[in-house]
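Protein chains in written order, with this note's numbering: chain P, 96 to 431; chain L, 396 to 676.
No lab work stands behind these hints, which were simulated from the structure alone. Treat the hints with caution; some may be incorrect.
[To be verified] Have a look at the derived ranges for each label pair, beta carbon to beta carbon:
(1) S212(P) <-> S451(L): 43 to 53 Å
(2) F521(L) <-> L246(P): 25 to 35 Å
(3) R344(P) <-> R430(L): 36 to 46 Å
(4) P585(L) <-> A282(P): 28 to 38 Å
(5) A222(P) <-> K673(L): 21 to 31 Å
(6) D324(P) <-> P585(L): 30 to 40 Å
[Stated by the list, open to error] Derived list of chain L stretches under chain P, where covered just means 3 residues or more per stretch with a C-beta under 8 Å from a C-beta of chain P:
(7) 488-502
(8) 663-673
Yeah, the Cβ is synthetic: ideal placement off N, Cα and C, and Gly gets one too.
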Amino acid sequence: MPRSQTRQLQKPPIDAWGAGRLGLIFSLLYRYGPPRWSQYVRKHWAGQRLVIAVPYLWLVLFFAVPFIIVLKLSFSEVRLAMPPFAPLIERVSDVAYAVNVNLGNYAFLFSDPLYTSSYLYSVKVAAISTLLCLLIGYPMSYAIARSAPTLRNIWLMLIILPFWTSFLLRVYAWVGLLKTDGLINQALGIFGLGPFTMMYTDFAVYIGIVYSYLPFMILPLYSNLEKHDLTLLEASADLGAGPIKSFLRITLPLSFPGIVAGSLLVFIPAVGEYVIPSLLGRSDQLMIGRVLSDEFFANRDWPVASAVSIAMLLLLVVPIVLFQRFQNRELAGAKK
Amino acid sequence: MKSRSWFRRFALFFGFAFLYVPILSMVFFSFNNSRLVTVWDAADSPTLKWYRALLSNDQILGAAWLSIKVAAVTATGAVILGTLAGLVLARFGPFKGRTLLSGMTTAPLVMPEVITGLSLLLLFVFLEQLIGWPQGRGFATIVIAHITFAMAYVTVVVQSRLATFDDSLEEAALDLGARPAKVFFRITLPLILPAILSGWLLAFTLSWDDLVISQFVAGPGSTTLPMVVFSKVRLGVSPDINALATIMVTIVGLGVVLSALYMRRQERRVALEMQMAKSEK
């Protein structure tokens with residue numbers, strides 16, 4: 096029996112949709128349109144508005160509006176009051192309003208070397224950590240993707256498991272290892288090496304970031320590497336290419352999307368990282384997340400703190416947009 | 396080929412050593428008698444004295460209890476909102492403002508925590524001035540902030556789970572006359588239950604673990620566990636934190652293993668049921 100006839104036999108009574116007066120029209124639409132759930136829901140169910148509205152309103156109120164407030168505040172002047180800033184549009188008298196749009200906060204960011212240097216330093220730390228993450232994560236993802244299917248799930252679980260334990264405590268664990276009298280120096284001491292100063296250096300921050308964000312690098316890489324068609328490698332071996340050449344010409348180019356996704360997932364949060372540099376990093380060179388928090392809590396300069404965060408976002412816009420497009424493409428790919 | 400399998404073993408061994416040595420060192424030294432965390436006192440170790448110290452520390456216990464309450468409420472709220480958002484994005488087709496919704500659900504995933512914290516704190520300050528709520532900051536403001544960033548993760552999990560199967564089952568139920576709400580509770584929800592469960596656990600962990608956002612939106616008297624731990628370890632290593640870490644690693648390890656087993660069983664059951672439903676046709 097053709098599909099369309101089966102449909103007509105199973106057609107529900109008109110009122111089943113609760114469509115009321117418009118039920119007839121809907122049932123006609125239903126009979127002649129290609130029925131998909133999304134369409135039913137859109138045309139027949141008043142509750143769909145509510146389903147859309149609840150998460151929508153929440154995100155507008157607690158994500159979009161706060162963001163607009165930060166944007167607005169970044170153009171305000173600081174004042175010694177509570178809240179400590181001047182309103183953008185102020186009522187001076189019954190007939191006059193003063194507009195206090197102030198670009199001074201942004202000018203201040205560029206004139207004070209503290210800010211520019213901490214921006215550059217954050218980007219440098221994030222970039223080096225991302226590269227180290229890739230160097231450690233790629234071989235691991237490769238090894239997991241090429242191991243036996245039963246082992247794969249165990250390896251993956253072991254990769255994810257530390258992620259479920261406290262991030263803060265995992266960073267703290269490195270304090271005990273990196274200290275001058277810590278475990279690494281004790282171990283090196285057996286061979287007559289060291290002791291090295293590792294705490295409160297850039298090196299310690301790289302280690303902390305790589306350690307904390309390694310799963311974010313491995314998981315997208317793994318899901319890419321796992322999908323590769325291994326017959327391509329066989330073909331290339333048949334044609335006389337060595338394993339290194341095959342890797343460089345086939346596996347590496349194919350895994351490029353995974354590399355991009357993993358790198359962005361590490362780089363973006365690493366730029367704004369606050370906890371790791373606070374516990375392991377230098378005190379003479381702050382990362383931008385720390386500058387923001389100090390500006391807000393220690394100096395109580397809310398407008399400058401807002402300007403710092405807007406500038407940080409501008410810095411991250413390109414990678415974030417890249418990541419979003421990537422995410423959408425992956426989701427669209429999974430649907431197929 | 397042989398050299399490459401050697402390389403793979405090498406990569407796995409060093410990778411996992413890198414991941415697990417720090418955690419195991421915390422577990423090991425939590426049984427150490429010495430106050431100097433990294434010097435093993437062979438004479439009086441192993442000892443449970445740091446566990447006893449931990450369990451008699453009212454500040455830590457109080458903070459842990461607050462964190463559990465915050466995380467449980469957050470996870471439940473985030474699962475409800477995130478499931479709705481994931482359903483809307485995966486199943487409702489195009490509608491006005493869809494792009495904005497999808498942007499707002501993925502943005503918190505990549506937004507630096509300091510910015511999320513700052514912006515939410517400013518919102519709460521403004522709201523208090525405007526409508527007198529929230530009066531001061533505490534439990535409610537922490538939960539709202541946590542739900543906002545945790546629901547983004549739940550949305551992604553639910554949405555990608557929904558993307559793995561098409562809507563033919565839902566369509567069939569609609570053909571047979573079920574209302575959309577009934578279709579959701581009888582068909583969609585059971586199918587995405589594993590995703591919802593892992594979303595709940597993920598949201599719980601994210602909230603339980605969050606330091607930066609809590610620091611911004613918490614008030615005096617609402618100190619979560621990560622805030623206590625951070626202020627302690629900033630001053631240097633302390634052995635009772637090792638004991639705390641050990642307890643948490645044990646619970647998480649057991650939890651992850653059990654939930655992995657449960658999920659596998661659940662997924663097998665769903666696959667079996669789908670197969671049976673198909674063969675009955």
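Consistency of the hints with the structure:
no. : hint                            : in the structure
1   : S212(P) <-> S451(L): 43 to 53 Å : 46 Å, holds
2   : F521(L) <-> L246(P): 25 to 35 Å : 53 Å, violated
3   : R344(P) <-> R430(L): 36 to 46 Å : 57 Å, violated
4   : P585(L) <-> A282(P): 28 to 38 Å : 52 Å, violated
5   : A222(P) <-> K673(L): 21 to 31 Å : 51 Å, violated
6   : D324(P) <-> P585(L): 30 to 40 Å : 34 Å, holds
7   : 488-502                         : holds (count 10)
8   : 663-673                         : violated (count 0)
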